[in-house]
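S.K.: Sequence:
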Amino acid sequence: MPAAFIGHGSPMNALEDNRYTQAWRAFGRAVPRPRAILAVSAHWYINATAVTAMARPRTIHDFYGFPRPLFEIDYPAPGLPELVAEVADAVHPTWVGADLDSWGLDHGTWSVLVHAFPEADIPVVQLSINADKDFDYHLKLGAALAPLRERGVLVVGSGNVVHNLRGMNGALPDTGYDWAQRFDEHAKETMLGDPASAAALGGHRDFERAVPTPDHFLPLLYLAGLAGADGGGTAVLVDGYAYGSLSMTAYTLDAACPGAGDGGTPAPPLPGDVPPDASNI
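If you count by the working numbering, then the sequence shown holds residues 1 to 281, one letter each, in order.
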């Protein structure tokens with residue numbers, strides 16, 4: 001089964017038809033039908049490594065200040081409680097908890113899947129990002145998930161390589177600042193050539209500006225770990241920038257997606273009455 005990292009950007013992408021959402025749809029059409037999707041979303045960032053274990057995960061609207069139609073989206077994909085044991089076995093001796101009722105599917109997951117798999121008929125399970133662990137932990141955990149690919153599980157990381165909310169400028173829907181472009185291009189060289197070294201991106205001169213908090217960057221390391229375990233590099237699904245300080249770059253592993261990234265409109269407008277750093281984008 002292929003794997004991917006998606007730069008998900010604003011939750012408004014769930015409602016949009018633009019160059020990024022078109023690429024996500026192309027990815028969904030290109031991959032074999034998964035037995036399940038294991039999503040690693042920037043928005044489940046907690047002090048533990050856990051997996052959702054409910055049969056019917058709820059759709060979480062974990063953002064503020066956006067229009068009502070976005071809050072009305074429901075992504076009713078089933079869960080797959082038995083996948084918890086498979087994940088735990090794959091990453092042993094790393095401890096993995098089973099979340100029976102506290103989480104569900106956050107917008108980092110469903111804003112992408114509503115395009116990639118709009119029927120919501122494939123089981124979806126989320127793997128939390130352990131905020132207490134370093135980059136090497138997440139890279140190695142991603143590599144440890146590789147056996148799940150042989151069992152029909154599609155691993156999808158969702159975040160943004162560059163994610164600086166305080167630097168966002170709504171007047172720049174399709175532009176990246178010079179420091180954002182430098183870091184994103186260096187990350188691209190790493191992901192295409194030597195993804196197993198992706199943890200070293202933390203030493204880049206623009207890292208602190210591009211990644212002021214690690215939550216949105218860490219999902220990239222799960223795909224990098226999988227690619228390292230596979231012995232190869234990834235491919236760019238789509239790239240670009242939004243609001244100056246977000247990278248929308250997405251990567252795939254072992255997936256050819258014809259037509260992805262060919263034209264289309266840029267990122268959607270931001271809400272006008274809530275600053276980005278208070279909206280949980």
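Rather than coming from a laboratory, the hints here were simulated on the basis of the structure.
If you're wondering where the values come from, they're calculated on a predicted model, not measured in any experiment.
Don't take each hint at face value.
Simulated restraints, written as ranges between beta carbons of each label pair [what the hints assert, rightly or not]:
id: 1; residue 1: Asp121; residue 2: Ala256; range: 17 to 25 Å
id: 2; residue 1: Pro275; residue 2: Pro93; range: 40 to 48 Å
id: 3; residue 1: Thr94; residue 2: Gly152; range: 28 to 36 Å
id: 4; residue 1: Gly231; residue 2: Ile46; range: 41 to 49 Å
id: 5; residue 1: Val236; residue 2: Asp136; range: 19 to 27 Å
id: 6; residue 1: Ala55; residue 2: Gly203; range: 42 to 50 Å
Derived SDA-like pairs (lysine to any residue); straight-line CA-CA distance at most 25 Å [stated by the list, open to error]:
id: 7; residue 1: Lys188; residue 2: Val236
id: 8; residue 1: Lys140; residue 2: Glu82
id: 9; residue 1: Lys188; residue 2: Gly233
id: 10; residue 1: Lys140; residue 2: Asn47
id: 11; residue 1: Lys140; residue 2: Ala255
id: 12; residue 1: Lys188; residue 2: Arg151
id: 13; residue 1: Lys140; residue 2: Ala85
id: 14; residue 1: Lys140; residue 2: His92
id: 15; residue 1: Lys140; residue 2: Gly152
Each residue gets a CB set at the ideal place from its N, CA and C atoms; glycine is no exception.
S.K.: Hints first: check each against the structure and report whether it holds.
M.R.: Results of checking the hints against the structure:
About 24 Å separates the C-beta atoms of aspartate 121 and alanine 256, a value consistent with the hinted range of 17 to 25 Å. At roughly 43 Å, the beta-carbon separation of proline 275 and proline 93 lies within the given 40 to 48 Å, and the hint holds. Under the hint 28 to 36 Å, the C-beta atoms of threonine 94 and glycine 152, about 22 Å apart, miss the expected range. Remark: the range hint 41 to 49 Å for glycine 231 to isoleucine 46 is contradicted by a beta-carbon distance near 32 Å.
At about 25 Å, the CB distance of valine 236 to aspartate 136 agrees with the hint of 19 to 27 Å. The supplied range of 42 to 50 Å is met by alanine 55 and glycine 203, whose beta-carbon atoms lie about 43 Å from each other. Taking the CA atoms of lysine 188 and valine 236, the gap is about 8 Å. The hint holds against a cut of 25 Å. Distance check on the hinted pair: lysine 140 and glutamate 82 sit about 23 Å apart at the alpha-carbon level, within 25 Å; holds.
Among the hinted pairs, lysine 188 with glycine 233 is consistent with the structure: their alpha-carbon atoms are about 10 Å apart, no more than 25 Å. Restraint check for lysine 140 and asparagine 47: satisfied, since their Cα atoms lie roughly 18 Å apart, inside the 25 Å limit. For the hint linking lysine 140 to alanine 255, the alpha-carbon distance of about 22 Å falls within 25 Å, and the restraint holds. Simply put, lysine 188 and arginine 151 have alpha-carbon atoms about 28 Å apart, too far for the 25 Å limit, and the pair is violated.
Pair hint lysine 140 plus alanine 85 holds up; C-alpha atoms about 19 Å apart against a cutoff of 25 Å. Proximity of lysine 140 to histidine 92 is assessed by CA-CA distance (about 12 Å); at most 25 Å being required, the pair is judged to hold. A C-alpha spacing of about 20 Å is found between lysine 140 and glycine 152, which places the hinted pair at or below 25 Å, so the restraint holds.
Violated hints for the displayed structure, listed by number in ascending order: 3, 4, 12.
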